[in-house]
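Given the coordinates of chain A, work out where chain B should sit on it, guided by the hints.
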Amino acid sequence: MASTPVTRDTINPKVLECEYAVRGEIVILAQKLQEDLKNNPKSQPFDEILYCNIGNPQSLGQKPITFFREVLALCDHPALLDKSETHSLFSADSIKRASQILSQIPGQATGAYSHSQGVKGLRDTIAAGIEARDGFPADPNDIFLTDGASPAVHMMMQLLIRSEKDGILCPIPQYPLYSASIALHGGTLVPYYLDEATGWGLEISELKKQLETAKSKGICVRALVVINPGNPTGQVLAENNQKQIVDFCKTEGLVLLADEVYQENVYVPDKKFYSFKKVARSMGYGEKDITLVSFQSVSKGYYGECGKRGGYMEITGFSPEVREQIYKLASVNLCSNISGQILASLVMSPPKAGDQCYESYSAEKNAILSSLAKRAQQLEHALNGLEGVSCNRAEGAMYLFPRIELPKKAVEAAKGAKTAPDTFYARRLLNATGIVVVPGSGFGQAAGTLHFRCTILPQEDRIPAIISRLTKFHEAFMKEFRD
Amino acid sequence: MSKSLDYENLNENVKKCQYAVRGELYLRASELQKEGKKIIFTNVGNPHALGQKPLTFPRQVVALCQAPFLLDDPNVGLLFPADAITKAKHYLSLTSGGLGAYSDSRGLPGVRKEVAEFIERRDGYPSDPELIFLTDGASKGVMQILQSIIRGAHDGILVPVPQYPLYSATISLLGGSLVPYYLEETANWGLDIGSLRQSVAQARSQGITVRAMVIINPGNPTGQCLSEANLKEILNFCYQNNVVLLGDEVYQQNIYQDERPFISSRKVLMDMGPPISKAVELVSFHTVSKGYWGECGQRGGYFEMTNISPKTVEEIYKVASISLSPNVPAQIFMGLMMNPPKPGDISYDQFNRESKGILESLRKRAHIMTDGFNSCRNVVCNFTEGAMYSFPQIRLPPKAIEAAKSAGKVPDVFYCLKLLEATGISTVPGSGFGQKEGYGFPSANHHLACGGGHARDHGQFQEIQRQIHGAVRGLPRVLENVRGEVVKQKKASAAVYCWDFYVTCCKNFITNYC
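Residue numbers (UniProt numbering), protein chains in the order written: chain A, 1 to 483; chain B, 1 to 514.
Think of the hints as simulated: they come from the structure by calculation, not from any bench. Treat the numbers as computed from the prediction; the structure is a model and nothing was measured. Treat the hints with care, as some may be off.
[To be verified] In silico lysine-lysine, BS3-like type, Cα no more than 30 Å apart, as pairs:
#, chain 1, residue 1, chain 2, residue 2
1, B, LYS342, B, LYS364
2, A, LYS328, B, LYS34
3, B, LYS409, B, LYS399
4, A, LYS365, B, LYS89
5, B, LYS38, A, LYS120
6, B, LYS267, B, LYS232
7, A, LYS415, B, LYS311
8, B, LYS34, B, LYS15
9, B, LYS318, A, LYS165
10, A, LYS288, A, LYS208
11, B, LYS15, A, LYS165
12, B, LYS89, A, LYS32
13, A, LYS278, A, LYS365
14, A, LYS328, B, LYS436
15, A, LYS352, A, LYS278
16, A, LYS83, B, LYS53
17, B, LYS409, B, LYS15
18, A, LYS209, A, LYS250
19, B, LYS113, A, LYS38
20, B, LYS89, A, LYS63
21, A, LYS209, A, LYS288
22, A, LYS288, B, LYS16
23, A, LYS415, B, LYS318
24, A, LYS165, A, LYS209
25, A, LYS120, B, LYS418
26, B, LYS113, A, LYS32
[Said to hold, decoys possible] Quick list of the computed label-pair ranges, beta carbon to beta carbon:
#, chain 1, residue 1, chain 2, residue 2, range
27, A, ALA79, B, GLY207, 53 to 61 Å
28, B, LYS16, A, ALA446, 34 to 42 Å
29, A, LYS271, B, GLU31, 43 to 51 Å
30, B, PRO398, A, LYS165, 42 to 50 Å
31, B, ARG121, A, LYS271, 52 to 60 Å
Backbone N, C-alpha and C fix where the C-beta goes; we use that ideal spot for every residue, glycine too.
In isolation and in its complexed conformation, chain A is listed as follows (with noise of 0.2 Å):
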């Protein structure tokens, strides 16, 4: 018989080609690490492996929320609600809560199928939470519940790319979903980049220019990607640019994608958080002016449910033949999972002033995000005091995107190891300290640059040790390496 059908060199090639450093080799490293060391304790220079590679906050001691813990308990088992000591365990307002949204699934079947946008119900809640935030209406029949935003962003790069010829404008740094995405459905990532120096601003100048560039090239571009707020860069975008980004996508026809999974994540007060539909409307442009996709997520914001896997995209804008051929996709994968759903409406109608909860409530969430804002302030002055390195200030997200400037003997060094030069940075402080990042060249940088992008995410009481594990490995790093 002939060599095995399904090796590296006979499977798809744009599986081969795509990437995602997020959990990519660093990562495989850390995991064969942390193995040692449960083997062998005394194995490493450090006694745990720190994952400050991923936004996962529940996995470094970030509590839920309680209010969506008990909704979603009891809707995993609604027969709790006719048993009278449960009043004693539950919060009247998650009973209340429970009892509603069950009414809105046929048959209180939180294990059937529902429909392929997700529940009616459910989809008029976050339509709802949609137009309290924002001013405008939303229909919910615009509304596309997904197993996390992932599945989302994956279902419009397949709509839009027919093949290499057609090109998507990404981020320079990017959220790697896209670039991978983008590889896997064979188009063309057209790059923008972001200007470290103005506190990775984005200019609509730089915009034009590549897309220039592209189309001069014979790409199509079919769309904007716009993270806002960013990943890995945090920087939440002037309402003013917004309206620039806007009218460059009408002017030029592009499908606005807008990742705003980070929507409940802004730590400064001279910014604020505007979702690009909130924009638009307010210029006075309609579902005729822009094509607009806005996705969002309940694995970030306070409420870190990642592994919940639960989301949506709200479309817009888009013929009702397009909208057919989007639910048709939908349909293939029948629904997304019924308790994600369910999350993805209480993100988006939380507890209000008034209910019984909402003062715990409150208090659970601010905490969370006062707490956030903390750490994501010691950790960028911390990397800002280090030799070489200089940290823009995180104003959203979870994530700290340093430049780093090593010296020539660590660039050579790394060469030599055939590893790119941040690469070989984040391995040896991985080796060093057991701290795990994820090196720069995994989200696209300018040339000539190099960076690691670290979460903000151990709990409060964990950061001076890691500071102080990152400052002596840092320290003596540079010592060896020194010119």
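Just chain B now, with coordinates in the frame of chain A:
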């Protein structure tokens, strides 16, 4: 401004792909439902939507995992049995931060270990947890594997006809070629190796490289269980032709006859011994959506790889990692399904009673449905050996086919739409699954797929009765004379009643067009 995204400039593969299970019939049914008509959805295997209750124990465990603060409450024992509390603690200990944290991209290692142990108990051969990936439903797993295999239009995937249209839709989306092999309706939907070889030869003559073969065992929509001999033939075929076998085994717990129990492809492969057992590449799929669990809404599944090269596994892992992780609650459902309550456990009796009840009822309904369809004139239906569907063949008379043509519809779509409007019963036309072309008979082969029967108790029977009478009130004049017959029939079994009514509607439909 010209729109960037018009129908014309969409990805062609998206336009080409079809998924009838939630296609035209379902959309029409949903429209009618919105207008207030009572609809019985039998288009998709969605047991809880039709009244099947979730098993109590897993829901208790997951609820506790969802709200771990309950575990600290002294009153938790008032609401949850001790073994559910223990299980919840066990699964929480397998996570790194509870249900809200991304797990390993392959799924929680502890749950994958439980899956491997289940497979070993089932088949008698060890299974490697590192080669088991949990997914958001088996469908996602199928898509991931096909995405790895299909490079372009010259790559062909052997798919049974009729098939569950996830396969045709996914192959379409990925730009590959579907190579059909026909199941033989007159031989109980059996697989004939001769016809398989013919399909492959034809594909190769068209320049297609056959890369993989899908088997759905038990079959969907056909329900047949493959015999061990058949599986051996298939595995030999894959070995000789260098083809990856994709074993969709999601209905492995839905078996309604005793002559052909479920045997996994992996067991047969291992039984065959080397060299074949070390050579044939196999990916097996399972889910929490079917069986007697029916937890469709959780989106829980897994695939297990056998003899797949390590570098390929690495690439499949990479693609899985882009979506970060499958949803954690469903992973716990999977663990519980792999490791249900055992005799002696506090919850065992209830769990056993609930499970047996569901399986016995499904077996009963498989018989009722088959007999019901077979009692219709011009309808022939193979017995549902497994899975959850009836796939009767409807011999439509020429007049019906003409009427369909003038309405601009495929004949079985036309029939199913009429059925829907008359009775509120929503099915899926056979054309959605693929069916053999007629051999030059005046009427071609048409089928419809119909999920399991409905009313099980008197209360639900009365509800169905109300629904049907409601539908009857809206019937076209031609069916007026049916009402008298329906009222006269007093059957003990509600499910039989429901199907008698359906049968009568069929008879009248045929009469009208003869």
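Against the structure, the hints:
1. Using a Cα cut-off of 30 Å, the hinted pair B/LYS342 and B/LYS364 holds, with the two alpha carbons roughly 26 Å apart.
2. In summary, the hint linking A/LYS328 to B/LYS34 is supported, as the alpha carbons are separated by about 20 Å, within the 30 Å threshold.
3. For the proposed pair B/LYS409 and B/LYS399, the alpha carbon gap of about 14 Å is at most 30 Å, so the pair holds.
4. For the suggested pair A/LYS365 and B/LYS89, the alpha carbons sit about 26 Å apart, so the restraint of at most 30 Å is met.
5. Straight-line distance between C-alpha atoms of B/LYS38 and A/LYS120 comes to about 18 Å, which keeps the hinted pair within the 30 Å bound.
6. This hinted pair checks out: B/LYS267 and B/LYS232 have alpha carbons roughly 10 Å apart, not beyond 30 Å.
7. With a C-alpha separation of about 25 Å, the suggested pair A/LYS415 and B/LYS311 falls inside the 30 Å cut-off, and the hint holds.
8. With a C-alpha separation of about 27 Å, the suggested pair B/LYS34 and B/LYS15 falls inside the 30 Å cut-off, and the hint holds.
9. For the given pair, B/LYS318 sits about 25 Å from A/LYS165 by alpha-carbon distance, which is consistent with the 30 Å threshold.
10. Of the pairs offered as hints, the one joining A/LYS288 and A/LYS208 holds, with about 23 Å between alpha carbons and a cut-off of 30 Å not exceeded.
11. Proposed proximity of B/LYS15 and A/LYS165 is supported: the alpha carbons are some 18 Å apart, at most 30 Å.
12. Distance restraint check for B/LYS89 and A/LYS32: the Cα-Cα separation of roughly 26 Å lies within the 30 Å cut-off, and the hinted pair is therefore satisfied.
13. Restraint check: the Cα-Cα separation between A/LYS278 and A/LYS365 comes to about 24 Å, which is no more than 30 Å; the hinted pair holds.
14. The straight-line distance between the Cα atoms of A/LYS328 and B/LYS436 is roughly 25 Å, inside the 30 Å bound, and the hint therefore holds.
15. Of the pairs offered as hints, the one joining A/LYS352 and A/LYS278 holds, with about 22 Å between alpha carbons and a cut-off of 30 Å not exceeded.
16. Of the pairs offered as hints, the one joining A/LYS83 and B/LYS53 holds, with about 18 Å between alpha carbons and a cut-off of 30 Å not exceeded.
17. Taking the CA atoms of B/LYS409 and B/LYS15, the gap is near 19 Å; set against the 30 Å cutoff, the hint holds.
18. At most 30 Å may separate the alpha-carbon atoms for a hinted pair to count; A/LYS209 and A/LYS250 meet this at roughly 17 Å.
19. With a C-alpha separation of about 18 Å, the suggested pair B/LYS113 and A/LYS38 falls inside the 30 Å cut-off, and the hint holds.
20. For the hint pairing B/LYS89 with A/LYS63, the CA-to-CA distance comes to about 17 Å; that is within 30 Å, so the pair holds.
21. This hinted pair checks out: A/LYS209 and A/LYS288 have alpha carbons roughly 26 Å apart, not beyond 30 Å.
22. Distance check on the hinted pair: A/LYS288 and B/LYS16 sit about 27 Å apart at the alpha-carbon level, within 30 Å; holds.
23. Restraint check: the Cα-Cα separation between A/LYS415 and B/LYS318 comes to about 25 Å, which is no more than 30 Å; the hinted pair holds.
24. For the suggested pair A/LYS165 and A/LYS209, the alpha carbons sit about 18 Å apart, so the restraint of at most 30 Å is met.
25. With a C-alpha separation of about 27 Å, the suggested pair A/LYS120 and B/LYS418 falls inside the 30 Å cut-off, and the hint holds.
26. With a C-alpha separation of about 18 Å, the suggested pair B/LYS113 and A/LYS32 falls inside the 30 Å cut-off, and the hint holds.
27. A C-beta distance of roughly 58 Å is found between A/ALA79 and B/GLY207, which places it inside the suggested range of 53 to 61 Å.
28. Under the hint 34 to 42 Å, the C-beta atoms of B/LYS16 and A/ALA446, about 40 Å apart, fit the expected range.
29. For the pair A/LYS271 and B/GLU31, the beta carbons lie near 46 Å from each other, so the given range of 43 to 51 Å is met.
30. Separated by about 49 Å at the C-beta atoms, B/PRO398 and A/LYS165 satisfy the suggested range of 42 to 50 Å.
31. Our hint of 52 to 60 Å for B/ARG121 and A/LYS271 holds, since their Cβ atoms are close to 57 Å apart.
No hint from the list above goes unmet by this structure.
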